[in-house]
Structures are given as structure tokens and as C-alpha cells.
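First to last, the sequence lines map onto chains A and B.
Under my numbering, residue 643 is the last one in the first sequence; the count climbs by one each step, no gaps.
Under my numbering, residue 455 is the last one in the second sequence; the count climbs by one each step, no gaps.
Watch out, some of these pointers could steer you wrong.
Unchecked claim - Below are the DSBU-like pairs computed for lysine-lysine, each with C-alpha atoms no more than 30 Å apart in a straight line:
id, chain 1, residue 1, chain 2, residue 2
1, B, 104, B, 50
2, A, 315, B, 230
3, A, 498, B, 188
4, A, 405, A, 365
5, B, 104, A, 315
6, A, 357, A, 405
7, B, 188, A, 315
8, A, 365, B, 243
9, A, 498, B, 243
10, A, 315, B, 312
11, B, 172, A, 357
12, B, 50, A, 315
13, B, 104, A, 400
14, B, 312, A, 360
15, B, 448, B, 14
16, A, 586, B, 188
17, B, 172, B, 223
18, B, 14, A, 586
19, B, 104, A, 360
20, B, 172, A, 586
21, A, 365, B, 104
22, B, 104, A, 357
23, A, 473, A, 436
Source of the hints: derived by calculation from the structure; they are not laboratory data.
These are the residues of each chain, in order.
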Amino acid sequence: MDPPRRAPRTVIDPVPKFRQVGFFAPPDRSQSGPIAADTSASLSPVMIPPPRHLSDNLILHARPSNSPRRGPESITVGGSNSDAPVSPAPSSSYSSRFVVGGDRGFFDGKGKDNGKVVASSFPRGGFDLTALKGNAAASGSSIVVPASQLTTVSVVNDSLGIPEKEKTNKGGGSAGEMKDQSSSKQQKPKPTKAERRALQEAQRAAKAAAKGEGNKASGTATSVNAKQAKAVKPAQKADTASVAATEKKGGDFPPEKDRKKDAPQPRLQYDDKSRVEKAKRRSVVKQTESRNRVELFRHLPQYEHGSQLPDLEAKFFDLYPVHPAVYKVGLQYISGDISGGNDRCIAMLQAFQEAIKDYKVPPEKSLGRDLTAKIGSYVSFLNECRPLSISMGNAIRFLKSQIAKLPLTLSESEAKISLDSDIERFISEKIILANKVIVKHAVTKIRDGDVLLTYGSSLAVEMIFLHAHELGKQFRVVIVDSRPKLRGQQLLRRLVEKGLNCTYTHINAVSYVMHEVSRVFLGAESILSNGTVYSRVGTASVAMVAHASRVPVIVCCEAYKFHERVQLDSICSNELGDPDVISNVKGRVDVNHLDGWADIENLQLLNLIYDAMPSDYVSMIVTDYGMVPPTSVPVIVREYGRE
Amino acid sequence: MDFQVVVLAGGVSKKLLPLVSKELPNALLPVANRPVLSYVVELLELSNLKDLIVVVEGKDVALNVGAWISGAYADRLHVEVASVPEDVGTAGAIRAIAHHLTAKDILIVSGDLVSDVPVGAVAATHRRHDAVVTALLCNAPISGPLESVSSGGKDKTKKPGRYDLIGLDPTKQFLLHIATEKDLRIQKSILRAVGQIEIRADLMDAHLYAFKRSVLLEVLDQKSAFQSLKHDVLPYLVRSQLKSEVLLNGTPQAEENGTEKVNSQSNQQMISQILANASEPTFHLRHTLGTIGSDSVRRAHKCCVYISGSSKYCARLNSIQAYNDINRDVIGEASHLSGYSFSAHNNIIHPTAELGAKTTVGPHCMLGEGSQMGDKCSVKRSVIGRHCRIGANVKVVNSVVMNHVTIGDFCSIQGSVICSNVQLQERAILKDCQVGAGFVVTSGSEQKGEVLAKK
């Protein structure tokens, strides 16, 4: 049994995808150009707000078109009523129409409320400022950055190489600018072919960026619509165009951008204080971080348990944006009423079903966008209650893609019905039916006289045992359990009720009990595309012992839990549970040696929820698409994941 | 959040008799110079509940209460006042307004509750467990003793107050038994299912319930003899929780899909089974699942409790003793409830109040608008209402003096409640008395533990 299981490892190992492990910001960000690196200096390198780097790309991208033709570049004046705080009179004439070349109508009209839009649509404010700073530094002029976006527009004009003009501008001298306008009015150069293409591409990118932002969860993000983004970005692009910098990179951008879009959102690293602060201000659930956290796991969220639930409960009536059904599920997550992977997923989907039923499209909004944002806000609420599992992430992705796929012609009620049935279908096909299929497959692996070992309580494994029992197979079950959840006891109770022959032990004894076992059946929280099984903590040790004792390990997992992520350890991505539950023993008040541990400076408790099991411990994975080796996971993810 | 709020403001309670009248019903009885109803309304407002139905017994009373509400909360809240005939009980009151109730869950609050327990928490617990009823329990008030120690300690006649016997499951989430009298007959079936019941006598039912509307209305409909929510409906629901007869049409099993019925049914069953296996099964679930295979399907519903923390204040104004206690607490230890800001001396003296020379107003006191006090008076732990005229050398200790009261020189008032428009002539000495509105206490009279009211 051993050698063939070794083989896959060698297949997997040569290409370790270390880069993707932590889901930090895409590393190529900093390479995209010196300016970008420069401007991002003020931001933390850990998580980069998407709008920012997209616009950076634009900046760089547009430059080749602008820089060679600096001379004839012009600004056309159109009447507008912008009321920017800095130098109101001149800026009003500047911002409105801004033609780089030809009459594409690229910037026209939308500039009307440029300043305001920029300020409001990008929650992380500062980015235009930083861009400007970089700009100023690069162009060598010592301009103090004015607070308004409109002045950035005027900077472009001065890229003609007259820095003194900027100074007069800053001083409030409108004369220089008036002159400038008159001169710019006269020239309307024809764009070169390269320029036109660059422009087109920039427009497309702006549109994509706006869309991306729209999809990006948080309710406020919807306010960023394509128009505004378009209006903002060209201005950005144009003003940095004055910076003399690298031009060579222009060609690489589109593919890079695509890659970025595909890459997952950078995850919040909880050891990054400033980001955590920001996230906390947004959050609904009041969370106090526990004090002595284990050093290695600082990047994971860990909160003082116990204070969240009462606090959230007290706010019951204040949370209007959260649908009651979603709220209820959130409460159940926090209180631990619902804790299994499948259960959480089903509960969440059913709550979304309810929410969609009650959903009404607000006037002048489209169902697709608004509902996506709404679901996004629910998801972030649930995420605050308890970090989402991978399977839930997949389910949410499914739902969002279904919303996105809705034909525009569908009426509101039809759309809602369609989504409702989509969710229903997801639950019944991906979870219920999947489990039935798994049972059908896995039962063939149980022979008379087998001793089957399982760890914790997995739905699929339970169903397999029950079904095999119904088929009249003679076997014995060893249930290995571990504190603090002791989920195995519930499984034990149910199996014994059905008349199965069971042995119950704790994980300490697994090496002893393994000698009599003929097969190990394990459930999984998720299976990653390198075959790593991400499951309840302790599963990996059981599998390791089984592997060492040459006992085949069969992992039963629904395909909707597969994920394309690659993970080599259980540190970079995991969940931390309530540390108190490991220090207390249920029903034993006398075991109180660790009472008040939080006050001891040099003591940290670690309650990990998951661990990662390397694929070479796994003999076989039973999933709804059949029994496959761990090396086939990427195939399933690729072929069926997009459904 | 799909909750409707009903405030049962009551009418003119016999228990509070010399204090209340048609003009001054229970709900408007002043606590720290504010009607007691305002405490409930503001508690609800704090939880963002701005649509209230206030049910009042009696038409005249309803007019009074309605007038006060419209004056005080005209632009802040949406309040409907409904009047029901007297003596229909709380259950009858809900029956009377049943057709107004449409939300999924109903929050029923007694109008005499003075508390700072977040109402949302009760509602959230209710929703989390998908319960039929959730009751707010709080620590039973310790009536009197604290204060009596500080003030000489011999005045209180300690009546053994009625207490609730409350049975809880070990997780303290479910209500297994509730009785007011010394009724300890616990159902065997419940005990068998739960295994362990904790009987508590130190908890008080705060008369704040969240009910599932469909269930509540059905019970009220079927059991027309039920008079009171607390004494009939709640115990009934608790008793029958493991052999539920009420329709639970809020549960997911009720959903049906048009497609293959058998298939979807089995799917539904499986989903509910998965969800049931999700965590530690409650005894309800074990009980219902206990008889798979047998013909009779057991049904259960959940009766939950929310136990307020010891740091929260919670009291009901349902007796004269309680009235004294609440007044004392609201300007004392639970001062955040009063909504006033206290001075450096820990008391509230309205700027228009006038104090004579050498008059002292101690901490935890309140002096209303436009009241006048003569020289050498002393006020301790007392509430004095608006526009009172108090002569010289008067002592007021542990008492509540309502509005427009005239007190002559050398009076002494201890542990008493003096209603509006009372006249106390010189050298009257009152101890633990209740003086009804408009009464005149003759000069030099000495009363102890009396109820003085106009005949």
C-alpha cells in the first residue's frame, strides 16, 4: 500500500506553489513600476485596496501615448459648476472637459463633480494624495499637495514643463491659468494610433475596475459606478503622465491585470494593526481581541469569546441592514448552535433564500448589483460572527455567479424565484445528493469483518456506516474523539442507537487502537488542489498514524468543498477557537487549574480548529464524482468547479 | 426585524390604591417625577422599537394615557393606544387587540417595568432558538432591607413577597417550570427528557415576553378560559412543551416544493436531520427524535428564558413597597435610568427650586421644578415633586412627595408616599404612610403605617 501512495507526492512536490500560500498582496504589485512602489509607501504593503492599483496600472499604461506628444496636449474648457474648495474659479473651468486627443468624449461631462466623487467613492481616501505626492516628487517640483482632486487636473496642464505656473496656481493667481485655458482652446491635435489604442484600453480597464468595485461586497462600494470611476481615473492617469518614468512596461499590463482579478482578495492579516483597526470600525459585531495570542497565529482573528453574543443580542433591533434570518444564523454561529461545515453552509444558504424572498429592488438600482452588494454585506456580517469556511466561500461564489448570470430581461419576481430554486438546487445537489453518491461509492469499500475507524463526526462517514449496516455488512466502528468539542460522542450515540458495534476512544489512544483497524474513514472540511486535506484538528494525526501503520485512509468529502487554493501547512490559514474551552472541562468544576489564565503574561492557549493533512497520507478520496486519488483534485476543481 | 411591541399599561390597580386613581392610573404614576410608563417606552426606544401598541384598561384611563403619550412622544414614536374593558386580564387584552397583530413575533411588555435590560437581547434569544415563548427573568428584588439599614432599620414590615418558582435546564436556556404559588409539581416527562432541572426561587419573571404570534393567538383562541399571560398561557406552554399541540407553522418543514414531492420531502428531512446533528442536541430534539419508527410523532416547542445579568436593573412597580424601592433606586443606585444628570452632591435640584437657609438636601434626592422649602429643612433619599411648598424645619426621609403638596412647619415624613395636592398641616408626623391625593392631614397628627385617603 505504501509505495503507490508515495508516488503522487513526487508528482505534486516538484512544483510547490509557495507564492500563493499566504494570499498576501500579489507580489508583482511592487514591480509594476517605480512610481507605484513609491506611492504605495504610505500604505501598508500587506493589503492593497484594489481601486488603487488598478488606477496605477492605468497611469502607467497611458503614459506611452502621452509622453511623446507633450507639446500639443490640451485642455478644453466647458462650462461647469464644480465647487471644489481650492481655487474655485479657475478649477471650475478646468475640470469639466479634458480632452487628451481627438473627440472621444473621454472625460467630458463627468468631471462636473470630480472632486466630490473622488473623495466619496474611494473609502480609503488618501490614494489620490499619495499619487500626487509621488508625482510631485518625481517631477521635482516642490508643490504642497492641495487637498482637492481638481487641482490635480491642473497639474497635468503644467506638465508642459512650466512648474512656475503651478506655483502661481497654488498662490491663487488665476491669471496664469486663464492664459493657459485660452492657449489650450486653440489646439486640438489628432491622436496617433497608439494613443487611441491606449485610450481605448484605459477606458476598458476603467470599466472593469468599476465593475470589480461594484462587486466587491460592502454596501458602500456600490456607490462607485462606472461613470465616476471613469471620470476619476483618466484624471489620475493624465496627471501622472507628466512624471518622467519608465514606459517599457506598458505591454505587460493587461495579462497582469487579469491575473490580479483572478487572484483571491488579499486576506486581512490580523497582526497588521492599522488595518484591523479599520476593519473593526466597520464591523457590526463588537469584538475585543484576546490579549495573549500565540505568536505564530497572530495573523488570524481571535476574539474574546463570551462578550460577542450578548453584545450582538443587545443590538438586535438596531441592525436594520441585516435580514432577520441572516441575523439569526449569525447568532447561531456565535453561540455555537450550528458548527459543522455542512450545517453552517446549509443554514447560511437557507437564510439567504429567506433574505432574497423578502428582498425588494430599490428604485433606480439593478437587481444584479444591489443584491450582490446586499449578499456581500450579509456575508461580511456572518464572517464577523465566525470566519467562513471554505465550503461556504464556494457556496457564496456560486450564489453570486448565479446573480450575475441573471438575464437582464427577467422581472424582479422571476429573478427571485430563479435564485431561490438555484439555492435549493445547490443544497440538494451539491450537499444532499453528493452525500448519497459518496455513500454509494464508499460502501463498496466496506467488507465483512472490517474494523473501521473514524475521527470526530462527519456526516458523510456517518451515512456510510449506517448504509453499510443496513446492507447487513458485519463490521465494527472505532470512533476516535478529542476534546474540547467531543463531537464523536454524538456520532457514537446515533450509531449505537442504530445497533452498530462501536468502540469509543480519545485521540491519545489512536496509535494503540490503530493496530486492529482495517480502514480509516475521515471527513474533511475542504480539500485543496494539491491534495491537502483541510479538516478538523486532529484528523492529520489520525491519518499519519494510519499511514504509518499501513492502514488505508479514505477521505469522504463533497466536491463543493474542494478549493483551488494550495496550502502546505495549517498556519497561514486556519481558525482560532475559544481558548477557554480547552482550559475548562465540561461538567468538572474542580478542574480549574487554568482559571484566570488570561492574566498570566507568559501563558498563551491555542485552540486551533483545523489542520492540514498532506496528500500522501490519503489513499483515496471519495467524492460525488467518484473515487479519486488526491492528485485528481485539481481536475475536479477545474472541470466541475466552474459549474 | 419583524417584531411587534405591545405594552400592557394596565388600568387602576387595587394594589396601589391610595396612590392611583382614574386621573393618575398605574402607567402615569411618577417615578422620580416621570411617569413609570416612560421608562418602558424609553427602554424600547433605546432598542430602536418605535412602533408601539399601548393597551390600557378602561376608556377614561386610555384617554389620560393617550394624552400624555401624545404630549411626550409626539414626533418621536408611533404609538397606538387601545383601550380594553377592565378585568379582562392580560390574556384578554391581547385577545382584544389580536387583529392588530401581524408580525411574526410579538413582544409583550408590562407597562410597569423599570429596567435597563436590552430588549433586543430577549428578542435575539427568541429568534436564535426559534422559540414559542421567551421570558425575561431577572434577579428578584431585595425589597427594603438595604435602605432600611441606612435609615434606622426598623420601619419596614417585611411581607414575604410572592416569588416565582422557576425551573431551568442545566444550560439555563430553557424554561421547564414556572409557578407563582408553592406549586412544585413537575412533569415527569419533562424531567425524564432533560435529566436535570434547576429550581430557582431567586429569579423574577419581569413580564417581558416574546411570543410567536401564531402560537399565542392560537392558544388564546382555543383556551378561552385563560385570563392571564403569566398565570395561564405561559405555564400552559411550558407544561405542554414536549407534547406540543400548537401548530408550529413557522418551521421549515412546512415548506413544500412543487417538484417531486417525495424527493423534496426526503431532502427536507435530511436537511433538518443534518441541522439537527449540527451541535449538541437539545432535549427537545432528543425527545422528538426519540420515537422514530413509532406511529405517533412527538412534537415539541421551546420555551426559552433570557436571564439578565446581575449588573442590570430590573424591577416592576406592582406594589406600594415596590414603588418606594423603585423611587429609591432610580435616584440612587440605578440613577442612569432616571435620565437626569446628577449634581456634585449626587442629587438633582431643579434650578427653579428654592431652598431656605440651613436647609440640606442630601445625596440621592430629587427636588422638582418650582418647589419651595423653608429654613432648616432636611431631605434624605427622597423625591419631591413639582411646585411643592414646604415649611420650615421639615424632615423628609425615604419618602416620595408628589406634585403641589403643601407641608407645614415641623412636619416629619418617613418612608411615606404623599400624593399630589395633599396638605400636611403643622407638626404632622407620618411614618410608613400612604396619603391619597387631595387628603388633608390635620395639624399635629401622628400616623404610623396608615393608609390615608379621601373617603
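Here's how the hints hold up against the structure:
1. 104/B / 50/B: holds (17 Å)
2. 315/A / 230/B: holds (27 Å)
3. 498/A / 188/B: holds (26 Å)
4. 405/A / 365/A: Answer holds: residue 405/A to residue 365/A is near 17 Å, not above 30 Å.
5. 104/B / 315/A: holds (19 Å)
6. 357/A / 405/A: OK: residue 357/A and residue 405/A at ~18 Å, within 30 Å.
7. 188/B / 315/A: violated (38 Å)
8. 365/A / 243/B: The hint is violated at about 49 Å.
9. 498/A / 243/B: holds (25 Å)
10. 315/A / 312/B: The given pair, whose Cα atoms are some 16 Å apart, holds under the 30 Å limit.
11. 172/B / 357/A: violated (34 Å)
12. 50/B / 315/A: holds (15 Å)
13. 104/B / 400/A: holds (29 Å)
14. 312/B / 360/A: violated (39 Å)
15. 448/B / 14/B: holds (21 Å)
16. 586/A / 188/B: Holds: residue 586/A and residue 188/B sit about 26 Å apart, inside 30 Å.
17. 172/B / 223/B: Roughly 29 Å separates the two Cα atoms, so the pair holds.
18. 14/B / 586/A: Violated: residue 14/B and residue 586/A sit about 49 Å apart, past 30 Å.
19. 104/B / 360/A: It holds: about 19 Å lies between the C-alpha atoms, which stays within 30 Å.
20. 172/B / 586/A: holds (15 Å)
21. 365/A / 104/B: Measuring from Cα to Cα gives roughly 29 Å; hence the hint holds.
22. 104/B / 357/A: holds (15 Å)
23. 473/A / 436/A: Given pair residue 473/A, residue 436/A holds - Cα atoms ~18 Å apart, limit 30 Å.
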